[in-house]
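Visitor: Two chains, two frames, some hints: make the complex.
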Amino acid sequence: MAPASCALCQNAKAILKRPKTGQQICKECFFYVFETEVHHTILEAQLFKPGDKVAIGASGGKDSTVLAYVMKTLNDRYKYGLELFLLSIDEGITGYRDDSLETVKRNQQQYDMPLKILSYDELYGWTMDAIVSRIGKKNNCTFCGVFRRQALDRGASTLNVDHIVTGHNADDIAETVLMNIMRGDIARLGRCTVICTQGEDTIKRSKPFKYAYEKEIVMYAYFKKLDYFSTECIYSPDAYRGHARAFLKDLEAARPSAIIDIIHSGEAFEVKEEIKATQKAQQTCMRCGYMSSNELCKACTLLEGLERGMANSVITDRARRKMDELRPAPDILRTIPQYRSPLPAVSVEVAPQS
Amino acid sequence: MSSDTLTLKVEFGGGLELLFSNKRIRDVTIPAFVPGDSSVPSPESESIQPTSLKQADVTFLLHYLREKHLTDRPELFMEKDTVRPGILVLINDTDWELEGEGDYVLKDKDEIVLISTLHGG
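Going line by line, the protein sequences match chains A and B. Residue 197 in this note's numbering sits at position 197 of the first sequence, with consecutive numbering throughout. If you count the second sequence from 1, you need to add 1000 to reach this note's numbering.
Same shape as in the complex, but just chain B (with noise of 0.2 Å):
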C-alpha cells in the first residue's frame, strides 16, 4: 500500500446494495488527492493535471463508488454533488452530520456505511 492511496471499507445496507451488484461490503482503494470538483479520473486522462487537488473526502468516495461500482438505477443513489435524501451515512459507526458530511477528509482504512431507509417496513 502506498501513501498516495486510500483504502476503505464501504458497506451497503437496507437495500442500497441491491444497486452495488447486491454485494454488501468491499473494500475501495482510492487516490488521496483527487480532482477539486470531485470528478473521477479516467485512465486516459491521467496525464491532464486538473487544475486543483484536494484530499479525498467523502463526496469524491461518493462520485467514485457511482463511476465504478454502482450497478443499477444511478438515480437512487445520488441527487446533484450528495446521496439521495432517505440514504443514512456513516463513518467508522457516527452519524456523518456530525463529521461535516461529504467534506470529511478520508484516512486509510475509514469505514463508510450507506443505509438506505427508503425501503419496505
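Next comes chain A alone, as it looks inside the complex (with noise of 0.2 Å):
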C-alpha cells in the first residue's frame, strides 16, 4: 500500500487513522488535533479560571500521564493560569502501586510540579495488601473503590487545591454507561456522563479527556515517548467492567463511532423527577465529616466492619443494621481522622460521579 500524505496538512506522511473522523493524519498534526480537542472540550465547559489550583490524579499509567504532560502543555500554550499538582493514592499494594509510583515521581522531575502522595495506610490505617489478606479477593474492589475517592477528596484538600482532574477517557465512560445500563443503575448513568461534578462537600472534578479515545491517548504516548507504567492490578480486576470492555472493543472494530455514540446515549437518558427524588439526600458522616448519604459514609462504615473483623457483612445497608443490633461499635476502633471540606457549604445539583 502506498504511503498516504497527511489529509490535515497534505504534506507528511500520515502515520495514523484517527478513529472518531477515519482521517489519516502525520505525527505532527496528530499532537496538535489531539491537544487542540482537549483544549476545546475545556473551554466549552468552562472548566477552569484563571489561578484555579488544580490537582491531576495520578496513577503513573497511560491516561493519568498523557494528561498531566497535556495539562501542562495546555497551560504553557494557553496561559491558563493553573496551579498544577500531581495527586497519587498510594493503596499499598506490594508489586503495583510501589512500581506505579515511581513513575509518578519521575513525571514529578519531568513536568515539575509538586506531588503528593496520600496512602491508604496513613488515612485508613489499613494497606490493600492487609485488606486482601483479611477478607480475599472478592469484595476488595469495593473497599478500594471507595477509599480511593475518599483519599483523593482528601489528598486534594490537603493540597488546597479547587479541583481535580482524572485521566477518564471516552472508552472508560462508554464503559460505565454500558454498566449502569446493564445494571439498571438510573441514578449513576445520569452523572456519569457529566464532565464536571461536584457535590456539596465535595471538591470539583472533571474529566479533560472525556472525549478522548485510548487508542489516541495511547498513540500520543507512544509517539511523545511519555514514561507511562502498564500492569494490571495484582487483585483481580474488575471482572464487571471487564467484560463491558471486551464487548465495547468489539464494536469499535465493527464501527470506531460507537464510543462517541455511546457517551451520546448515556447523555440522552432522561432522568424523571420522580425517580430523582427517590435518591437519598447527601449529609455529613457523622463519624468522619465527608459527605455520605446515610448517617456513616462508606468509608467509615467499611472501616468499621474491617475493625470488628466483620468486613464481608457490611457491604450492604441491611447487613450493616444486622451487626449493629448484634453488637453496637465499640469506642476504641481506629477512625478517619475529620474531613475539613475545602469549600463553602454550597449546594450544587449535581452529585459525584459513579
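Honestly, the hints are just simulated from the structure, not real lab data.
Label pairs and their in silico Cβ distance ranges:
hint : chain 1 : residue 1 : chain 2 : residue 2 : range
1    : B       : D1103     : A       : S5        : 19 to 27 Å
2    : A       : G242      : B       : P1031     : 35 to 43 Å
3    : A       : Q110      : B       : E1011     : 18 to 26 Å
4    : A       : S5        : B       : T1071     : 38 to 46 Å
5    : B       : T1007     : A       : P114      : 40 to 48 Å
6    : B       : V1105     : A       : L43       : 39 to 47 Å
7    : B       : R1024     : A       : T73       : 24 to 32 Å
8    : B       : D1093     : A       : A246      : 25 to 33 Å
9    : B       : I1025     : A       : H243      : 26 to 34 Å
10   : B       : I1025     : A       : G81       : 37 to 45 Å
11   : B       : I1025     : A       : T73       : 27 to 35 Å
A short, non-exhaustive set of chain B residues, derived as facing chain A with CB atoms under 7 Å:
hint : residue
12   : D1095
13   : L1098
14   : T1117
No residue lacks a Cβ here, since even glycine has one placed at the ideal position from N, Cα and C.
Guide: This is the structure in C-alpha cells:
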C-alpha cells in the first residue's frame, strides 16, 4: 500500500488513522489536533478559571501520564494561569502501586509539578495488602474504590486545591454507561457522562479526556515517548467492567464511532423527576465529616467492618444494621480523621460521579 | 543472513510484554515465504510442502509470535486470525490500519510494535 499523505497538512506521511473521523494524519498534525480537541473540551465546559489550583489524579498509568503532560502543555500554551499539582493515592499494593508510584515520581521531575502521595495506610490504617489478606479477593475492589474516592478528596483538601482532574477517557465513560444500563443504575447513568461534577461538600472533579479515544491516548504516549506504567492490578481486575470493555472494543472494531455514540446515548437518557426524588439526600458522616447519603459514610462503614473483623458483612446497609443489633460499635475503633471541606457550603445540583 | 528469511524487530508495550516473558524488544527471524493459511511450520513437517505459499505478512508474524514466543494467556493476544481488539499495531512507526493491517507484506528489518491499551489507566 502506498503511504498516504496527511489529510490535514497534505504534506507529511500519515502515521495514524483517527478512530473518531477516519482521517489519516501525520505525527505533528496528530499532536496538534489531539491537544486542541482537549483544549476545546476545556473551554466549552468552562472547566477552569485563571488562578485555579488543580490537582491531577496521577496513577502512573497511560491516561493520567498523558493528562499531566497535556495539561502542562495547554496551561503554558494558552496561558490558563493554573497552578498544577500531581496527586497520587498509594493503596498499598506491593508489586503494583509501589512500582507505578515510581513512575509518578519521575513524572514529577519531568513535568516539574509538586507531588502529593496519600496512602490508605496513613488515612485508614489499612493497606490493600492487609485488607486482601483479611477478606480475600472477592469484595476487595469495593473497598479500594470507596477508599480511593475519599482519599483523593482528602489529598486534594490538604493541597488546598479547587479542582481535581482525572484521566477518564471516552472509552472509560462509554464502558461505564454500558455497565450502568446493564445494572439499571439510573442515578449513576445520569451522572457518569457529566464532564464536571461537584457535590455539596466535595471538590470539583472533571474529565478533560471525556472525548479522547483510548487509542489516541496510547498513540500520543507512544509517539511522545512518555514514561508510563502498565501492569494490571494484582488483585483481580474488575471482572464486570472487563466484559463491558471487551464488548465495547468489539463494537469499536466494527464501527469506531460506537464509543462517542454510547456516550451520547448515555447523555440522552432523561431521569424522571419522581426517580430523582427517591435518591437519597446528601448529609455529613457523623463520624468523619465526609459527605454521605447515610449516617455513616461508606468508608467509615467499611473501615468499621474491617476493625471489627466483620468486613464481609458490611457491604449492604441491611447487613450493617444487623451487625449493629448484634454488637454496637465500640469506642476504641480506629476511625478516619475529621474531613474539613475546603469549600463553603453551597449546594450544587450535580451529585458526585460513580 | 540469507534471502529466504526476514529479520524483524518486534517491540511490545502497554503491558503486552507480560505475555512474552516480560521482554520488551526482540529480534525475530521468520521465513520469507510461509504457508498460505499462516500456519507456523514445525520442524517435523519441514519436508511436507504446503499446497500454497505466500510472502510472509503481519498475520503470519502474529501466528509465529503466538506459537514461538508467547508464554502466558494466549487468549489475551489473539482472537481468530488477528490481534485482540484493543491491541494497537505499528509497522515502522505507522498505524497498521494505514498499511493494510495483517495483509502487509513484511520486509527485512521492518519494525513492528504491539501495544496493549487494555491495562489500567
